[in-house]
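Number of protein chains: 2
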Amino acid sequence: MSEMGSVKSIPSPAISADERSHEVDHPSSLVAHFGAEQPLRLDCGVDLTPFQIAYQTYGELNADRSNAVLICHALTGDQHVANVHPVTGKPGWWETLVGPGRPIDPKHYFIICSNVIGGCMGSTGPASINPATGKVWGLDFPVITIPDMVRAQAMLIDRLGIDTLFAVVGGSMGGMQVLQWTAAYPERVYSALAIACATRHSAQNIAFHELGRQAVMADPDWHGGGYADRGIHPHRGLAVARMAAHITYLSDAALHRKFGRRMQDRELPTFSFDADFQVESYLRYQGSSFVERFDANSYLYLTRAMDYFDIAADHGGVLAKAFADIKTRFCVVSFTSDWLFPTSESRALVHALNASSARVSFAEIETDRGHDAFLLDVPEFFDISRAFLQSAGKARGLSLEDR
Amino acid sequence: MSEMGSVKSIPSPAISADERSHEVDHPSSLVAHFGAEQPLRLDCGVDLTPFQIAYQTYGELNADRSNAVLICHALTGDQHVANVHPVTGKPGWWETLVGPGRPIDPKHYFIICSNVIGGCMGSTGPASINPATGKVWGLDFPVITIPDMVRAQAMLIDRLGIDTLFAVVGGSMGGMQVLQWTAAYPERVYSALAIACATRHSAQNIAFHELGRQAVMADPDWHGGGYADRGIHPHRGLAVARMAAHITYLSDAALHRKFGRRMQDRELPTFSFDADFQVESYLRYQGSSFVERFDANSYLYLTRAMDYFDIAADHGGVLAKAFADIKTRFCVVSFTSDWLFPTSESRALVHALNASSARVSFAEIETDRGHDAFLLDVPEFFDISRAFLQSAGKARGLSLEDR
Numbered sequence: 044m045s046e047m048g049s050v051k052s053i054p055s056p057a058i059s060a061d062e063r064s065h066e067v068d069h070p071s072s073l074v075a076h077f078g079a080e081q082p083l084r085l086d087c088g089v090d091l092t093p094f095q096i097a098y099q100t101y102g103e104l105n106a107d108r109s110n111a112v113l114i115c116h117a118l119t120g121d122q123h124v125a126n127v128h129p130v131t132g133k134p135g136w137w138e139t140l141v142g143p144g145r146p147i148d149p150k151h152y153f154i155i156c157s158n159v160i161g162g163c164m165g166s167t168g169p170a171s172i173n174p175a176t177g178k179v180w181g182l183d184f185p186v187i188t189i190p191d192m193v194r195a196q197a198m199l200i201d202r203l204g205i206d207t208l209f210a211v212v213g214g215s216m217g218g219m220q221v222l223q224w225t226a227a228y229p230e231r232v233y234s235a236l237a238i239a240c241a242t243r244h245s246a247q248n249i250a251f252h253e254l255g256r257q258a259v260m261a262d263p264d265w266h267g268g269g270y271a272d273r274g275i276h277p278h279r280g281l282a283v284a285r286m287a288a289h290i291t292y293l294s295d296a297a298l299h300r301k302f303g304r305r306m307q308d309r310e311l312p313t314f315s316f317d318a319d320f321q322v323e324s325y326l327r328y329q330g331s332s333f334v335e336r337f338d339a340n341s342y343l344y345l346t347r348a349m350d351y352f353d354i355a356a357d358h359g360g361v362l363a364k365a366f367a368d369i370k371t372r373f374c375v376v377s378f379t380s381d382w383l384f385p386t387s388e389s390r391a392l393v394h395a396l397n398a399s400s401a402r403v404s405f406a407e408i409e410t411d412r413g414h415d416a417f418l419l420d421v422p423e424f425f426d427i428s429r430a431f432l433q434s435a436g437k438a439r440g441l442s443l444e445d446r
Numbered sequence: 044m045s046e047m048g049s050v051k052s053i054p055s056p057a058i059s060a061d062e063r064s065h066e067v068d069h070p071s072s073l074v075a076h077f078g079a080e081q082p083l084r085l086d087c088g089v090d091l092t093p094f095q096i097a098y099q100t101y102g103e104l105n106a107d108r109s110n111a112v113l114i115c116h117a118l119t120g121d122q123h124v125a126n127v128h129p130v131t132g133k134p135g136w137w138e139t140l141v142g143p144g145r146p147i148d149p150k151h152y153f154i155i156c157s158n159v160i161g162g163c164m165g166s167t168g169p170a171s172i173n174p175a176t177g178k179v180w181g182l183d184f185p186v187i188t189i190p191d192m193v194r195a196q197a198m199l200i201d202r203l204g205i206d207t208l209f210a211v212v213g214g215s216m217g218g219m220q221v222l223q224w225t226a227a228y229p230e231r232v233y234s235a236l237a238i239a240c241a242t243r244h245s246a247q248n249i250a251f252h253e254l255g256r257q258a259v260m261a262d263p264d265w266h267g268g269g270y271a272d273r274g275i276h277p278h279r280g281l282a283v284a285r286m287a288a289h290i291t292y293l294s295d296a297a298l299h300r301k302f303g304r305r306m307q308d309r310e311l312p313t314f315s316f317d318a319d320f321q322v323e324s325y326l327r328y329q330g331s332s333f334v335e336r337f338d339a340n341s342y343l344y345l346t347r348a349m350d351y352f353d354i355a356a357d358h359g360g361v362l363a364k365a366f367a368d369i370k371t372r373f374c375v376v377s378f379t380s381d382w383l384f385p386t387s388e389s390r391a392l393v394h395a396l397n398a399s400s401a402r403v404s405f406a407e408i409e410t411d412r413g414h415d416a417f418l419l420d421v422p423e424f425f426d427i428s429r430a431f432l433q434s435a436g437k438a439r440g441l442s443l444e445d446r
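Same order as they appear, the protein sequences are chains A and B. Quick note on numbering: the first sequence equals residues 44 to 446 in our numbering. Quick note on numbering: the second sequence equals residues 44 to 446 in our numbering.
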């Protein structure tokens, strides 16, 4: 990954020592601090201040400042899109798409990925210190929305001196942010790659999120969100929430192919509640490994943001109005076996974009890997992404030849 | 329901006072006690003794003893199929199908429904007293299987003096029991109505059950299954498990139609973790009402029994072998929007029955109501059930005219 380590250092504007005292630098990320003069106006009516955004960059901004690509992460992702994760030691979560030789190559693009507001990897969220009390925010942190996340990202992009993003790219909750970017700042987004997402959260989506939240809140160690002051964490509840979510990320067919009814290290059932089946063992691992890297309250806030997301509702119930006269070039991608964000949701988006006379291409990719497909090695998806960005880059006048 | 109250009283064989002391009569059900001379041989190798089966009957057994219909209940059902439930005060769980004027009418049939072994409504299960310790079994109760449930039902049917059942009927876990009846006792089942079920539990099914079990086990009030001795119950964990299961019982379309993104008693979001959306409020209610009537350990045992179910595995991996030369008349029913037990599972069963030259009819019913459809008012399903039973009754020589 050494060739990707060319992180640009951007000087932060001066902020007071008082503000500084409430901010924590993320050890392995860049951090943009926003002081009292730049509050984040949230949809709930609160001005969040001070706040900070932790982010990573790869590649270099060109002289025209026209080659910036913003990657938006999904629910449990973070800014470490294409570098070894500082907590887990695992590769970046989207190294299949982002990196040398990949469709989004730091050789061509200045790639930015920031931890969302409300997150827990360095951006201000419920695990941060509330400057009013000197204690962890917990449930006193204001509820945030997808538009709030995007508003914070726009402030970061301003800070980086970038007017127009060449591309905004994301899947799942990241795709929601892509769509919100185009609805809120159409003139700042040259091209948009929205993957495995929707313009609103469905009743079933909300149901699964509520299940996860109830699992967290049922854990006595959650303490009404005030676990941090007690030096504990609702590991058990969060693990159950993660297990529930993980089932929705995979298709029935993928689970059948990966695990079927195969037993774990044995041929006969134990007639017990041990993890006899491989799929049980897999789920337990997903749950227990997740809690080591994620804050339970952040999980509540981010799932809530997704539930509230409904672009049409913000435009009088007419989705096409959100994209009226938009110049952005869109590429919408869905996966056949994704039952969390099914193709029908992408089609509804494409119809609205067509009704707005937007420039849009749409691909439904055949795979049995479910929602997770957007993070996996799916060559057709990469080919489409590469072609879309190359075509847009040509129109934008970017030099995408080897240099 | 007065015309359905003609419960037949069947004298139990004498058992010793010592055995009696470990048995509890269910206040509003008949109970069959099985003493030391009649242990239940379980698949795990344990002989369960003594044990008891709580059951309800409706209608009267005819002189030929040829009109008995056994109803098998699903995961969270019980013997109160067609009478007001003694705990909840709600109508019987299958009064849409069973009752006066319904396809399974006590005027024509002697209807039996028993609580499964491992259950918590009067049959012996983990909430019963372990005679060896005088305390509640808890997790010392042996793990049971679908074949164990059916073996216990066969002993009940013997006790009732019935050789051949005119029909065995059930949906979901009840349908698994129907199939197990035909595989284990083909000569004792004249006709079989298997609804919304499968011959094995899929990886996704197991995953959802494991999620539910982990939710229960994550509740500190579960105490390794030993909550009863402490006078508590893992309400929170069991409610989360129920919420997860409930999502799987409904289709995405049904959730959308019932709730969509509609708010609960408000027009604008509260920007909080209250149940803003109707679907959240609905799920919370499903969770909290369930824990009032169901034992958490029973939930673990019955989900485990379903996970272990795999008829083909018990017959060298060849499903058709389970039904070789079977004379039973089958009717298999699935619902288009049931993603828990999809039509593909029913088709696999029908193919195996065809390969065994069995007499089988199959109906896939168009509905958006998901797995739950089998419990709801779906006229096409009732018409098919009625026609199948009438045709089989005619062949069996039953008098199904009004009398």
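To be clear, the hints were calculated from the coordinates, so they are not data collected in a lab. Just to be clear, a hint being listed does not mean it is correct.
As the list makes no split between identical chains, a pair holds if one copy fits it or if it spans any two.
[Claimed, not checked] In silico SDA-like links for lysine to any residue, alpha-carbon gap of 20 Å or less: (1) 437 x 104; (2) 150 x 399; (3) 301 x 382; (4) 133 x 331; (5) 437 x 404; (6) 301 x 353; (7) 370 x 207; (8) 437 x 185; (9) 370 x 264; (10) 301 x 356; (11) 301 x 387; (12) 178 x 78; (13) 370 x 86; (14) 364 x 266; (15) 301 x 321; (16) 364 x 228; (17) 301 x 230; (18) 178 x 145; (19) 370 x 172; (20) 133 x 174; (21) 150 x 109; (22) 178 x 128.
Each hint tested on the structure:
no.: 1; hint: 437 x 104; result: within (17 Å within a copy, 83 Å between copies)
no.: 2; hint: 150 x 399; result: neither (34 Å within a copy, 63 Å between copies)
no.: 3; hint: 301 x 382; result: both (18 Å within a copy, 19 Å between copies)
no.: 4; hint: 133 x 331; result: within (16 Å within a copy, 40 Å between copies)
no.: 5; hint: 437 x 404; result: within (16 Å within a copy, 61 Å between copies)
no.: 6; hint: 301 x 353; result: between (34 Å within a copy, 18 Å between copies)
no.: 7; hint: 370 x 207; result: within (12 Å within a copy, 74 Å between copies)
no.: 8; hint: 437 x 185; result: neither (42 Å within a copy, 68 Å between copies)
no.: 9; hint: 370 x 264; result: neither (49 Å within a copy, 57 Å between copies)
no.: 10; hint: 301 x 356; result: between (39 Å within a copy, 19 Å between copies)
no.: 11; hint: 301 x 387; result: between (26 Å within a copy, 19 Å between copies)
no.: 12; hint: 178 x 78; result: within (19 Å within a copy, 63 Å between copies)
no.: 13; hint: 370 x 86; result: neither (26 Å within a copy, 67 Å between copies)
no.: 14; hint: 364 x 266; result: neither (43 Å within a copy, 55 Å between copies)
no.: 15; hint: 301 x 321; result: within (9 Å within a copy, 36 Å between copies)
no.: 16; hint: 364 x 228; result: within (14 Å within a copy, 64 Å between copies)
no.: 17; hint: 301 x 230; result: neither (44 Å within a copy, 39 Å between copies)
no.: 18; hint: 178 x 145; result: neither (43 Å within a copy, 63 Å between copies)
no.: 19; hint: 370 x 172; result: neither (41 Å within a copy, 72 Å between copies)
no.: 20; hint: 133 x 174; result: neither (33 Å within a copy, 53 Å between copies)
no.: 21; hint: 150 x 109; result: within (14 Å within a copy, 81 Å between copies)
no.: 22; hint: 178 x 128; result: neither (27 Å within a copy, 51 Å between copies)
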